[in-house]
Amino acid sequence: MATRLDSAPRGDLLRVVAVDGDDAISDRLATCGLWAGVELECLARAPFGGPMLFRIHGYRLALRRSEAARVVVQSQSDSGADPGANA
Amino acid sequence: MSEKSEAGFANTANTISSSKAGSSSKAGSSGNVGGSRRVTLFGRANSGKTSLLMHLTGSLQRPVNFPGTSVESVESSCSYEGCQLQVVDLPGVASLTPQSRDEQVAIDSVRDAATKPDLLCFVLDAGKLAVELRLLQELRGLGLPIVVAVTKVDVAESEGFPIDAEQLQRALGLPLVVVDGARGKGIDELRAQLALVSLQPAWLQKPSAANAGTAAESAPRKRAFSRSFTDKLDGWLLNPVFGPIFLTVVVLVMFQLVFTVAEPFMGWIEAGQGWLSGGIEAITNEGALRSFLVDGVVNGVGSSLIFVPQIALLIAFVTCVEATGYMARAVFLLDRLLRRFGLSGRSFIPLASSFACAIPGIAATRILGDERDRLATIAVAPLMSCSARLPVYVVLLAAFFPAYQAGLMLFALYAIGIVTAILVSLILRRTVLKGGHSMLAMELPVYQRPRLLLIGRHTWFSVKSFLVTAGTVIFAATIIVWVLAYFPRSAEIGATFDRERTAVEQSAPADQDDQIAAIDAREAAAYLEQSYLASIGHAVQPVFEPAGFDWRLTVGVLAAFPARELVIPTLGTLYSLGDVEASADNPDPRLKDALRNAKGPDGKPTMNGLIALAVMVFFALCSQCAATLAAIRRETHSWRWPIFVFGYMTLLAWLAAVAIYQIGTLLGFGT
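These protein sequence lines are chains A and B, in that order.
Using this note's numbering, the first residue of the first sequence is number 1, and each one after it goes up by one.
Using this note's numbering, the first residue of the second sequence is number 1, and each one after it goes up by one.
Any given hint could be a false lead.
Okay, the calculated bits of chain B under chain A, using three or more residues with CB under 8 Å as the criterion [said to hold, decoys possible]:
| # | region |
| --- | --- |
| 1 | 93-102 |
| 2 | 127-138 |
FRET-style restraints, in silico, Cβ to Cβ [as the list claims (entries may be wrong)]:
| # | chain 1 | residue 1 | chain 2 | residue 2 | range |
| --- | --- | --- | --- | --- | --- |
| 3 | B | 235 | A | 72 | 24 to 32 Å |
| 4 | A | 35 | B | 268 | 51 to 59 Å |
| 5 | B | 647 | A | 49 | 31 to 39 Å |
| 6 | B | 650 | A | 17 | 52 to 60 Å |
| 7 | B | 267 | A | 35 | 54 to 62 Å |
| 8 | A | 35 | B | 637 | 33 to 41 Å |
| 9 | B | 432 | A | 4 | 30 to 38 Å |
Bear in mind the hints are in silico, worked out from the structure with no lab data behind them.
Backbone N, C-alpha and C define an ideal beta-carbon position, used for all residues, glycine too.
Input sequences plus hints: build the corresponding full structure.
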C-alpha cells in the first residue's frame, strides 16, 4: 500500500515509489538520495510536528514533514520478504 | 600551466617511493613528474575535505574569500617528487545544480576556463556511497581528470555498510585511494596519485553509462540490524522529552562559558590596559598626546580586545559541538519552533552565537542554504543582547533596582530582544522576504570525538577575522569619539582648575591627593561639557527629551553609536568620576551613586528607575555597533541591509524608550 513518507511509522522499512514535483525542492531531495526504488527507514520524529529522521543509503537524513510529504513510499515490512536475510 | 608558482610547503612526501604509490593505479606514467598542478578538492559538506587538506599539505592555512564574495576557500600546497601540488579546498557541494551561493561559487570555480583546476580530487564519503556516486557521475561530465579519495571507511563499517575499495575502483575505472582523515593513513598514496596521474586519461573517452551501472552494483545493499552507537545515542538525544532538556543544558553551558569562564581572561585584558595606560602616563606629559594615547588608542584597542576571550570560547564551544555531530541534532529539534518565527532550524547557531557577539553570529549565517532565511537571520541577529550590552544593564540595574528585582529585569531585557527578533522576522517573511525555497534536508552525521587541532585552527582564524573586522571599526570609532570629546580645548578652563589645584597644594590638607583627583575629574567634565560631542548632544537632546534623557545621557547614547561599550566611560567622564571601568561583574560604585544623585539645574534628580529602564531598553534594541553593520555589509554585499538594520533597530529603540517613559510617567512611576 502506497503512503506518504511523512506518515511513516518509526522502525518500518519502506521503499520509495516516486518523488512528487519538479522544482528546487525535488531536485534537492534527489541530491540527498531520494529516488524510486531506494529503501529507507524512519528513525525519529522531532516533537511538535518537527522534522523526521530517516536512514537512507546508510546515512541519516533529516527532512521536514512538508518535504517528506512529497515522497510516495511503499511498506517493505508487509511484502513478505525477510529483509534480514542478506544482512 | 598557469601557475603563480608560489614556493610551497616542501613536504616529507618526497621520500615516498613511487612503486608503493602507483600500486592501485593504471596511470602514474612517467613524464608527469616535475612542474606543478592545481588540484581542487571537491565533495559534499562534512565529507572530510578540510582535514584531508591538512594532512595532504601538512599545514594549517588561513581561509581566504573568493574575489567579490564572502565564500571561503582554503589553499595550500605540497610537493611530490618535484611536482608542486597547489591544493584548493572548496565549500561543500551536493550536486552540480547549485542550491546555495557557496555551491554556486564552488561549481563556477571548477567550470570556468580561467579558474579551472588541472585535476579534481573527489572526496567520497563512504558512509553514503550511492549518493556520492551520483554526484561523481555528474562530475565526470566536466571532462576533468578525477582522483577519488574515499574517506570515513570506518564510519561506513561501523554503521553496517562496509566498502570494498578494490571492487569500487574497478567499477569506477578511476584512480582511487582510501584515506583516513583522523590518522592520515593513505595520504602519501593520495599525494602520489595526484602528482602522477595522467592529465589526459583514457577513461575520459569511455562511455560513462556502463561505468555507472557497475558502480551502482558495487554499492553494498546490506543493512545493519544491530543498532550502532549513534543510533543508541540518538535514542536519547532526539527523544521527545529528554532531547529538548539536554539541548537546554547545552545552551546553558554555552552561556556559562561565555559569561563566567571568560571573566578572568577579560580581567587580565583590563589589567593589561590599565598597566599600559599607567606606563604611557608615566612617560608623557599632560595634554593632547597623552589623552590621545590613553583615551583614544589604548582604550580603542582595549575595547575590541576585551571581547576576544568570550568570542574565542564561544567559537571553540560551537565548533566543538558541531564536530561531535550534536549541532545538527539541535537544528533538528529546533527547526519546527524557528520555522514558526519565519526562520530555520539552522538559524539557531548564528542566533545563539549572537548572544556573545553579533559579528561571528552574522558570519555563521553562511550555513543557511536559503537566501531569505539567511537575510532574515542576519536582520534579527543584532537584537540578541550581546555581551557589550551587559555592562550597561548591570550598572543601571545596580543603581536603580533592588537586587531581587534586578535579576528578573535582566532576564526581561534579554527577552525583549528575543521577542522583538521574532516579530521582526515574522514581518520580514510576510513582506520583503516572502516565499523562497526554504529546505531542511540535512544529514545528521555520526557522533564522533572532536579533533582539537581542527577546533583550534577554526577558533584562531575566527578570532583573527573578528579582530580585523571589529578591531579596525571599533578602533576607528573610538578615535572619532575621542576627537569629538577632546576638542575644542579652552585655555580658560585649564587656568581655572590650575588655580584650584595650586590653592589645594598650598594649603596641603590631609586628603590632598583625593582633593586633587576630584578637581581633575571636574576639570575633565568641564572640558567635555563644552566639547563638540556635548554640542552635538545638546543639539540632539530634543530627540531624546520624550524618553526622559537629560543631555548627559544623550551624549552617552551618541558616543555609544559606533560601539555601545563606549557609553560607560563617557558617562563616567560626564559625571566627573575620572576613569570608570566597564566591567560586567563589578559595576563601578561611583558611577552608580553619581547616576542616582545627579540633579538637573532645577534641583530635581535627572535619573530615576523609569529613565534607567528606558535607557536599558534603548540599548537592548538599538543598533549601536559599527562593526556589526560592517559585517552585515560584507555578508550581504550591499549597503541596503546594514542601512535597514540600523534604521529599524534605532527607530524601534527610540519608540520603546519614549513609550516606557511616557506611559510610566502617566502611571506615576516617574517620581
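Status of each hint after checking the structure:
Counting residues of the region 93-102 of chain B whose beta-carbon sits less than 8 Å from any beta-carbon of chain A gives 4, enough to reach three: the coverage restraint holds. Closer than 8 Å: that is the beta-carbon criterion, and the region 127-138 of chain B has 7 residues meeting it against chain A, so the requirement of 3 holds. Separated by about 28 Å at the C-beta atoms, residue 235 of chain B and residue 72 of chain A satisfy the suggested range of 24 to 32 Å. Remark: the range hint 51 to 59 Å for residue 35 of chain A to residue 268 of chain B is upheld by a beta-carbon distance near 57 Å.
For the pair residue 647 of chain B and residue 49 of chain A, the beta carbons lie near 36 Å from each other, so the given range of 31 to 39 Å is met. Between residue 650 of chain B and residue 17 of chain A the beta carbon distance is about 54 Å. The supplied range of 52 to 60 Å therefore holds. Checked against the given bound of 54 to 62 Å, the beta carbons of residue 267 of chain B and residue 35 of chain A, roughly 58 Å apart, stay inside it. For residue 35 of chain A and residue 637 of chain B, the hinted distance range of 33 to 41 Å is satisfied, since their beta carbons lie about 36 Å from each other.
For residue 432 of chain B paired with residue 4 of chain A, a C-beta distance near 33 Å keeps the hint of 30 to 38 Å intact.
Consistency with the previously given hints is maintained throughout, with no hint failing.
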